[in-house]
Amino acid sequence: MTQERPLTEAIPLDGQALSLRGYEQVGGYQGLRKALREMSPQAVQEEVKKAGLRGRGGAGFPTGMKWSFVPMGDNAPRPKYVVANADEMEPGTFKDRYLMEGNPHQLIEGLILAAYATQADVAFIFIRGEYKLAQERLAKAIADAYAAGYLGKKILKSDFALEMILHVSAGRYMCGEETGLLNALEGKRANPRSKPPFPPVAGLWGKPTTVNNVETLANVPHIIAKGLTWYQSLSRSRDYGTKIYGASGKVKRPGLWELPMGTPMREILEEHAGGMRDGLRFRGVLPGGASTDFLVEEHLEVPMDFIEVQKAGSRLGTGTMIVLDDHTCPVGMTSNLIHFFAQESCGWCTPCWSGLNWAKQILAAMEEGRGEPGDLDKLAFQTKFLAPGNTFCALAPGAAEPLQSALKYFREDFERHILEQRCPWKS
Amino acid sequence: MLTVEEREEIEAELARYPTKEAVCIDAMKIVQRHRGWVSDESVRDIAELLEMSPADLDGVATFYNLIFRKPVGRHVAMLCNSVSCWIMGYEKMHKHLTDRLGIQFGETTPDNRFTLLPIVCLGACDHAPAMLVDNELHTDLGPERIDQVLEAYK
Chain A
1 MTQERPLTEA IPLDGQALSL RGYEQVGGYQ GLRKALREMS PQAVQEEVKK AGLRGRGGAG
61 FPTGMKWSFV PMGDNAPRPK YVVANADEME PGTFKDRYLM EGNPHQLIEG LILAAYATQA
121 DVAFIFIRGE YKLAQERLAK AIADAYAAGY LGKKILKSDF ALEMILHVSA GRYMCGEETG
181 LLNALEGKRA NPRSKPPFPP VAGLWGKPTT VNNVETLANV PHIIAKGLTW YQSLSRSRDY
241 GTKIYGASGK VKRPGLWELP MGTPMREILE EHAGGMRDGL RFRGVLPGGA STDFLVEEHL
301 EVPMDFIEVQ KAGSRLGTGT MIVLDDHTCP VGMTSNLIHF FAQESCGWCT PCWSGLNWAK
361 QILAAMEEGR GEPGDLDKLA FQTKFLAPGN TFCALAPGAA EPLQSALKYF REDFERHILE
421 QRCPWKS
Chain B
1 MLTVEEREEI EAELARYPTK EAVCIDAMKI VQRHRGWVSD ESVRDIAELL EMSPADLDGV
61 ATFYNLIFRK PVGRHVAMLC NSVSCWIMGY EKMHKHLTDR LGIQFGETTP DNRFTLLPIV
121 CLGACDHAPA MLVDNELHTD LGPERIDQVL EAYK
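Protein sequence lines, in the order shown, are assigned to chains A and B. The first sequence finishes on residue 427 if you use this note's numbering, and the numbering steps up by one all the way, no holes. The second sequence finishes on residue 154 if you use this note's numbering, and the numbering steps up by one all the way, no holes.
For reference, chain B alone in the conformation it holds in the complex (with noise of 0.2 Å):
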C-alpha cells in the first residue's frame, strides 16, 4: 500500500498534468525515492490510484533505466561507458569497479551497500571518465579518486 506520504506526494503532481498518465513516471520516482525501488505491489497501487492497468505501467517502467524494478543497494554507482569516457579509460575504471566491488553491472554487494550499473553520457565529456553514485557526479576517476569516491558512501 502507499503511505501518505507517497499519496500526497503523488496528488501534488496530478494537479500539474492534464492526465493522470502523465504523472505515471513521477509517481513511480516518488515510491523509488521513499523505499529504493519499484515493486510489483507498488506498480500495482500506483495503477489502480492513476486509473491505469498495471500491465501498461510495468510497461512504462521498465522502459526507462532510471526506475528500478529491482531493490537496489543502499547506494547506486553508476560508471559512464559512453564514448568520450571510454577513449579515456573506461575498461580500467570498469575493471577497477569490479574489482574492488567484486561484483559485475547490475548486481549488488552481500553488504547491500552498493548496486552498480552502467549508464549513458553523463555530459562531463570534459573531465572524463566519469560516474554517478546516488545521482551525485564524480569525474576525473582513476583507480584511487575512485577508491575515495567509494569511501564517502558508507
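Next up, chain A with everything else stripped away, as it sits in the complex (with noise of 0.2 Å):
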C-alpha cells in the first residue's frame, strides 16, 4: 500500500501552486464545507484535539488546546483573530515555503478552520518579507479564495464571516516568536511579551489570539474532511498524522519527505535522504532546526515524533535535519549558529543579550586559534543562565540547546581547539 501524504500529495510536480480548481478537484474546501454544515466550533476543537495534532512550528503545543484557551460565545472579547506563523526563519527549515508555494489554498482553508473553531473575525497570514513568490501565490489565492465565497461575509451562505489579510514582514527571526510576531503585527519592535496572559486569552491589540504555524494548519482541512481514525491511522507512533521531514548538509539527495510521524531518523537519511556523500561520515544531526540539541550516531534509530526526540535528549522541532559530517568543524558549526542567536537575540533580556554575545566571542575566538583554558567552563556556565525561566521568549533556550549537546558530543574537538590554538579543520 502506497504510503498516503495528505499535505503534500497534491503539489504540482511542476513548480507551480495548484490553483483553487485543482485544489477543489482533490477534495479542497471539504473540510470547512463539513464544518460550516454539521459542527459547531466547539466540535471542531474538539476533533483536533482528539486528532492528537500538535504544534509543527518547533514547539508541539496541542493545537485543539491550544484553541480551547479562547474564550467562546456571546461574551467573548471582540474582534477575535487568527494569525497563521509563516515566518519560517529557523535555520535549516524549509518546508513552509515549499507548503505555502505548492499549496496555498490548503493553508488558507486551515486558517478560515482556526476562524470557525475559534469564532474569530479576523485572520492574518504573518509571512517574512524573503519568500516572494509564497507571498505571490498566496496573495492570488486569498483573492480567488474570497471570488469563490470562502471568505468575507457569509461564507457558502452561512453566518460566518471572516477576513484574511497577508501580512509581509521586514525580517528578524524575533518575528517567529509568538508574542514577538503578535508586536510586529501592531507596528512594534518585535520584543516578546510577559506571559501571562497568553495569546489566546489576550493577542492582538488585547483580545483573543491564536497562533498556528503553516504546517499545523495544513493538517486541520484533513482532519475535519477524513476524520479521526484516518488521520490516526497515518503515524507509526502515538503522536499522530504525518510529518514533513527535511534533511539539509552533506547528505547525498538534501530534501523535504512527507512521511509517517514516528518514522525513524536512520530510514529519513540513508533512505530518502541517500545517507552521506561519498568520503564523508556521519557525525551527528540538529533534528529539528538550529534550535534543537545535537543527537549522534547512538541516537539513529530514534523515530522521529516528539515523543521519542524528547527522550534521546533533543527535540523534533520542525523536524527538519541539520546533518554534521566529519570534514567539518563541528565547533565552526556551534560558533555559526551562536553567532545566529546573537545576532537574532532582540536585547530584552539580560541571560540572551549578554550571555549569546559572550558565548559568540568565546567560539569564535576558539575557531581563530585563540582559545583559553577554562573556555568550556564558561560556555556551559552561559547554558545554564540560557536555560528555560530566565528570559521572556524561548530564544535564548533554544540557543542552549546546541551549544550545550556540543560541548557533551564534541568535547574532544573543543580541547583539540584549545591544545593545539588552531581549527583542526582549517588547512
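Incorrect hints may have been included.
[Stated by the list, open to error] List time: in silico DSSO-like cross-link candidates among lysine-lysine, alpha-carbon distance up to 30 Å: (1) A:426 - B:95; (2) A:250 - B:95; (3) B:20 - A:195; (4) A:250 - A:311; (5) A:49 - A:153; (6) B:92 - A:250; (7) B:29 - A:132; (8) B:29 - A:140; (9) A:132 - A:49; (10) A:34 - A:49; (11) B:29 - A:207; (12) B:70 - A:132; (13) A:157 - A:207; (14) A:226 - A:140; (15) A:250 - A:157; (16) A:132 - B:95; (17) A:426 - B:29.
[Claimed, not checked] If you want the footprint, here are the derived chain A segments under chain B, 3+ residues with CB under 8 Å: (18) 83–92; (19) 169–180.
[Stated by the list, open to error] Far from chain A by the CB rule (all over 12 Å, computed), these chain B residues: (20) 5; (21) 11; (22) 36; (23) 148; (24) 154.
Worth flagging that the hints you see were computed from the coordinates, not collected in a lab. No residue lacks a Cβ here, since even glycine has one placed at the ideal position from N, Cα and C.
Build the complex from these two chains, which are given one at a time in their own frames, with help from the hints.
Next up, the structure:
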C-alpha cells in the first residue's frame, strides 16, 4: 500500500501552485463545507484535540488545546484573531515555504477552519519578507478564495464571516516567536511579551488571538474532512498524522519528505536522503532546526516524533534535520549557530543578549586559534543562564540546546582547538 | 515629503488595520520600494502621517533588517550565512562575492550597482548555498553560478 501524503500529494511537480480549481478537485474546502454544515466551533476544536495534532512550528503544543483557551460565546471580547505563523526562519527549515508555494489554498482553508473553531473575525497570514514567491501565490489564492465565497461575509451562505489579510514582514527571527509576532503586527519592535496572559486570552490589541504554524494549519482541513480514525492511522507512533521531514548538509539527496510521524531518523537519512556523500562520515544531527540539541550515531534509530526525540535528549522541533559530517568542524558549526542567535536576540533579556554575545566571542576566538583554558567552563556556565525560566521567550533556551549538546558530544574537538591553538579543520 | 502615490498606498493599508501605528512597517516598506531606502526625512513624514513620534518610528525601523536606513545600490545582494549554507560552503561563497565586488558586508560598490548584506536562513537549505538579489532567490551557488547571477543585474 502506498503511504498517504495528505499535505503534499496534491502539490504539482512542475513547480507551479495548485490552483483553486485543482485544490477543489482533490477534495479542497470539503473540510470547511463539512464544518459549516454540521459542526459547531467547539466540535471542530474537539476533533482537532482528539486527533492529537501538535504544533509543527517547533514547540509541539497541542493545537486543539491552544484553541480551547480562547474565550467563546457572545460575551467573549471581539474582534478575535487567528494568525498563520509563516515567518519560517529557523535555520535549516524549509518546509513551510514548500507548502505555501505548492498549495496555498490548503493553508487558507486551515486558517479559515481555525477561525471558525475559535469564532474569530479576522485572520492574518504573517509571512517573512524574503518569501516573495509564496507571497505572490498566497495573495492570488486569497483573492480567489474571496471570489469563490470562502472568505468575506456569509461564507458558503452560512452566518460565518472572516476577513483574511496577508501581512508581509520586514525581517528578524524574533517575529517567529508568538508574542514577538503580535508586536510586529501591531507595528512595534518584535520583543516578546510577558506571559501570562497568553495570546489566546489577550493577544493582538489585547484581544483573543491564536497563532498556529503553517504546517499545523495545513493538517486541519484533512482532519475535519476525513476524520480521526483516518488521521491517526497515518502515523507510526503515539504522535499522530504525517510530518514533513527534511535533511540538509552533506547528504547525497537533501530534500523534504512527508512521511508517517514517527519514522526513524536512520530511515529518513539513509533511504530518503541517500546517506552521506561519498567519503564522508555522519557525526551528528540537529533533528529539528538550529535550536534543537545535537543527536549522534547512537540515536539514529530514534523514531522522529515529539515523544521519542525528547526522550533521546533533543526535540523534534521543525523536523528538518541539519547533518554534521566528519569533514565539517563541530566547533565552527556551533560558532555559526551561536552567532545567529546572538545576532537575532532582540536585546530584551540580559541572559540572552549578554550571554549569547559572550558565548559567540569565545567560540569565534576558539575557531581563530585563540581559545583559552577555562573556555569550556565559561560556555557551560552560559548555557545555565540561557536555560528556560530566565528569559521572556524561547530564543535563549533554544540557543542553549545546540551549545550544551555540542559541549557534550564533541568535547574532544573543543579541547583540541584550545590545545592546538587552531581549528584542526582549517588547513 | 511623501509623494501622492506613496501617501495613497499607505492610506490603502490603513483601512486594513485597527490602529495607524500597525501600518508603520508597511509604510516604510512602501517608501523604500519607491526610493530604495528610508531617509530621516521619510521617517519624519511617515511618523507625522501615522501620528507617531519620529523616535518611536526609528526604533521600529532599526529593529527590522529589511528596512534600509542608509542608501543602497541599484541591487541588493544578500548572502545566507546560516548553518546549512555554512556547511555547504558559505565561507568560500562569501570570499568569492567580496573579492568579485570589492566590498565587504554593509558596503556598496563605487558604481552603485550592488550593496552586499548577510541574511539569515532563506528556507532553501536543500539547495544551499543560497542568496537573494533584489528579493529573488538563487540557489546551488558556486563561484561560477555567482558570477552568472551577478551578470543578470546591471
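The hints, checked one at a time:
no.: 1; hint: A:426 - B:95; verdict: holds, 15 Å
no.: 2; hint: A:250 - B:95; verdict: holds, 21 Å
no.: 3; hint: B:20 - A:195; verdict: holds, 26 Å
no.: 4; hint: A:250 - A:311; verdict: holds, 26 Å
no.: 5; hint: A:49 - A:153; verdict: holds, 28 Å
no.: 6; hint: B:92 - A:250; verdict: holds, 16 Å
no.: 7; hint: B:29 - A:132; verdict: holds, 14 Å
no.: 8; hint: B:29 - A:140; verdict: holds, 20 Å
no.: 9; hint: A:132 - A:49; verdict: violated, 33 Å
no.: 10; hint: A:34 - A:49; verdict: holds, 17 Å
no.: 11; hint: B:29 - A:207; verdict: holds, 27 Å
no.: 12; hint: B:70 - A:132; verdict: holds, 23 Å
no.: 13; hint: A:157 - A:207; verdict: holds, 27 Å
no.: 14; hint: A:226 - A:140; verdict: holds, 27 Å
no.: 15; hint: A:250 - A:157; verdict: violated, 52 Å
no.: 16; hint: A:132 - B:95; verdict: holds, 27 Å
no.: 17; hint: A:426 - B:29; verdict: violated, 42 Å
no.: 18; hint: 83–92; verdict: holds (count 5)
no.: 19; hint: 169–180; verdict: holds (count 5)
no.: 20; hint: 5; verdict: holds, 19 Å
no.: 21; hint: 11; verdict: holds, 15 Å
no.: 22; hint: 36; verdict: holds, 15 Å
no.: 23; hint: 148; verdict: holds, 20 Å
no.: 24; hint: 154; verdict: holds, 20 Å
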